[in-house]
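Q: Turn these sequences into a full structure, and let the hints guide you.
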Amino acid sequence: MSVTRKNHFVPQWHQERFFADGKNTLFYLNLAPPMHTRRDGSLKPGNSLFRSPTSRAFVQQDLYSTFFGTDVDDEIERKLFGDIDARGAEAVRAFTGTDQAAWHSNFENFFEYLDIQMLRTPKGLAWLRKQYPELSQNELMQEMQSIQMLNITTWTTGVREIVSAEQSPTKFIVTDHPVTIYNHGVPPTDSRNRYPDDPSIALKGSQTVYPLGADHCLILTNLEYAQEPGVEPLVKRTFARRFHPAMVSTINFIRTRQLTQEQVVEVNFIMKARAEKHVAAGREEWLYPEKTVTKSWRDLRTTLLPPQNGLFHFGGEMYVGYDDGRVDYQDQFGRSEKPRPWLIKPARAQPLKPRDICGCGSGFSFGDCCKSKPAHLRPIWSEKSIRERNLMLLTGVANLFEMAGKDWNTVRREMTDERISKVYSMYESLWPRETDLLSLLPKPDGTLRSVYTGSLHPKLITEFALGSSLYFGEIIIQHPFINPGSLVKKMRPTEDPHAYRGEILKSLMTFLNIMPLVEIGLVHLIPDPCDFDLHLRDQMMRMASTRRKMLRFDPKDDPRMEKVIQEDMHRTMLGIPEKALRSLLAKMPQPDTTIDVDEMMPFIEQMRLDDPLAVLQENSLGSGGQLEIMKMAPNFEMAMYLAQATGAQILTDSPFRWRELQAALNRRYIGTETALQNLQVAIQAAPLRFPVDHQAIEALGASGASAEITSVFRSAFNYIRDRKVGGTKPNFEKHLAARFLRGKRVADGAIDRADIRYGTGKVTSLFRVNGFQDNTVNRLLLMSSSEHHLPWVPMASYISR
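Using my numbering, the first residue of the sequence shown is number -13, and each one after it goes up by one.
Because the hints were derived from the structure by calculation, they are not lab data.
Bear in mind the structure is a predicted one, so any value in this text is a computation, not a measurement.
Warning: the hint list may mix true and false statements.
[Claimed, not checked] Below 30 Å or equal to it, Euclidean Cα-Cα: the simulated BS3-like pairs (lysine-lysine) are:
1) 549 x 748
2) 748 x 359
3) 263 x 116
4) 542 x 748
5) 263 x 277
6) 715 x 748
7) 748 x 720
8) 277 x 30
9) 222 x 359
10) 263 x 30
11) 116 x 222
12) 357 x 339
13) 549 x 445
14) 476 x 324
15) 331 x 359
16) 549 x 617
[Said to hold, decoys possible] Label-pair restraints from in silico Cβ distances:
17) 173 x 672: 47 to 55 Å
18) 132 x 83: 30 to 38 Å
19) 244 x 712: 56 to 64 Å
20) 72 x 700: 51 to 59 Å
A virtual CB, placed ideally from N, CA and C, is assigned to each residue, including glycine.
A: Below is the structure:
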């Protein structure tokens, strides 16, 4: 069987829909014709206009071919696009007609085709390639297939209009990138429109234009913009979630507008302005809309806006009832829950002054926080911040347990099932399923920060993770509490609190240990991103499952982890009911001396009391047992995801996680380059001291004793982030190593003078230009609608005893 290597990125059947009556060819205009050299050395442009059958147009050699050695495979052309084009052709025909039954049956196929058409052009593939540091042709084809249906939720939950040129002597044209994005706030000359970029369709003012044929054109508009055309066009739409299931009517399309000739020409002008290289039309004169269009780019929006009297078909609230009594709810943005008023911040009447508390909720002044950051690098101001939600939870927990004046043993004794349920209910109320976590996270704004990935056990988190904020900037730590909304109902702590009696003690102690550093801004205590995005969770789990086959976790490889696991098992034994415990002790092998079980019981009770994580209530195991959860979070994919999203390094004290990071580095060793080796040697040879008490950490941080070390790591991170392979600076690298050693002497002296408890950790930092990166993680960021993130993680550090 012959291999098809000439790939049409605009299908021939679609081009044929633009033929003028009685014709079987199109006029094609090359916007960047080849240049020819004259005999005198001057350049002369080649022919820019030609007439051609569709077989020779919008085609490129090996655009979709994959290569295996010397073999060329055309499976993507034949199988993927063969099927999509067949269904797409039928769907396009349906939506240029008036049969609503045909619209309904072709609705999914239509938007699936539209999504892949946006990606399959040379411009679309160039945009996709740009989302990754490096992709081979085979990897590019894999990623193209992996992110299919990226835009469907945004399109289908907006306003859908099909306009007609049937009464206009000028008809619609088609371009080499026919799915056109128009945003009146981003003119073609704007840097955000530089090839191959287009404005994100998640922005309120972005509209999608797609010509269905010479007489019909599809226009898709975000609902907020359609309802209020005066909104800021470059702000993200409310609940800009990709891959989110939504209920929509498949037959609601506005089809009332017959465009004038002037309006058709304006639509053609927009499409031509966003083409890559070629445009085509049934008649030659239609190829030059710029000859008659007089409106500015901004004013062209009046032509694309849908009529206000047709918007009643879209938006609103929906309720769907089922036979079993369940009711599903959806608001106009696709959210399945109504916004919770206690998480909403009112809009500010006046701009902030430098000394005002910053609107991002950091607790710092506006002048010291967000004033110097561009708007797109600020956390959202219209909702309670991550820090503010944690402070609300702390207040709720303190009031619930009446903690003022109580010691930890009293809190444990008064731990009831009702209180356990209320703690988790409070947590869930602060982190509803529809939370847009990316909008709340810090952005890559130049601030030094680290994503900690490792055990969240209270006995381990205080050893290195908290004290590392003295050296590695802001520390991002995943929240110890489980969100009930992410579990099946029968497993939720709000439904079965008895099973969480041990777990609540570990989570609560971890939370209370971390919160003093959260209050002063040294730690960001964030929820699990997968709690709010089921598609993200499913993709992450699939990736982790594939990776687990190559690298398996064994607690024996981590002595710290193995010890706390053994302690947890011992603690579970202490929670056995007294009758069962007596029976167990009686059956145990006896030494030479006889042990009286009655005499043992007070000692066992004292062991419970001495262990701060032991449950003090009787019959703590209950009929369903106790859940023992080993939290080593976030996992590799989520740690990379968060580090790239927030502009952070990865910090771990887990040898297993460190091996995963090294494996990621080894997978893309080609295209990277080692750097800062002098600094790496200096760090590894000079163990750092990590205070274990939050008051000591706060005092040392305020004194500036560790500021020079932090400055070195910040400089190292920024240096690696901004380098290109072959662009290292040896003298600068040697200078950083000397600065680190000076800073360490200052920090050690301050700790000695303060006479505080600390643990000593050997730090191994890896710096590599184009460093830690995994295509699957970049794909997750793309699927999550992340607009501003690092292409890779420049730096990672491992702390060991």
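Q: Next, verify each hint and record whether it holds.
A: Hints, one by one, checked against the model:
As the CA atoms of residue 549 and residue 748 are separated by approximately 20 Å, the hinted pair is consistent with the 30 Å bound. Pair hint residue 748 plus residue 359 does not hold up; C-alpha atoms about 35 Å apart against a cutoff of 30 Å. Taken as a hint, the residue 263 and residue 116 pair is honoured in the structure, with Cα atoms around 19 Å apart against an allowance of 30 Å. Proposed proximity of residue 542 and residue 748 is supported: the alpha carbons are some 20 Å apart, at most 30 Å.
A distance of roughly 18 Å separates the Cα atoms of residue 263 and residue 277; the hinted pair therefore holds under the 30 Å criterion. The hinted pair formed by residue 715 and residue 748 meets the criterion: a straight-line CA distance of about 26 Å does not exceed 30 Å. The straight-line distance between the Cα atoms of residue 748 and residue 720 is roughly 21 Å, inside the 30 Å bound, and the hint therefore holds. Proximity of residue 277 to residue 30 is assessed by CA-CA distance (about 23 Å); at most 30 Å being required, the pair is judged to hold.
Between residue 222 and residue 359 the alpha-carbon distance is near 18 Å, which keeps this suggested pair within the 30 Å criterion. The suggested pairing of residue 263 with residue 30 holds, with an alpha-carbon distance near 18 Å, which does not exceed 30 Å. Proximity of residue 116 to residue 222 is assessed by CA-CA distance (about 21 Å); at most 30 Å being required, the pair is judged to hold. At roughly 9 Å between alpha-carbon atoms, residue 357 and residue 339 fall within 30 Å of each other, so this suggested pair holds.
With a CA separation close to 10 Å, the supplied pair residue 549 and residue 445 stays within the 30 Å bound. Between residue 476 and residue 324, the direct Cα distance comes to roughly 24 Å. Compliance with the 30 Å bound is thereby established for this hinted pair. Proximity of residue 331 to residue 359 is assessed by CA-CA distance (about 20 Å); at most 30 Å being required, the pair is judged to hold. Using a Cα cut-off of 30 Å, the hinted pair residue 549 and residue 617 holds, with the two alpha carbons roughly 14 Å apart.
With their beta carbons about 54 Å apart, residue 173 and residue 672 fall inside the hinted range of 47 to 55 Å. Distance hint check: the CB atoms of residue 132 and residue 83 are about 34 Å apart, consistent with the given range 30 to 38 Å. Restraint check, residue 244 to residue 712: a C-beta distance of roughly 59 Å satisfies the suggested window 56 to 64 Å. The hinted window of 51 to 59 Å between residue 72 and residue 700 holds, with their beta carbons roughly 55 Å apart.
Figure legend: structure checked against the earlier numbered hints; the only hint not met is number 2.
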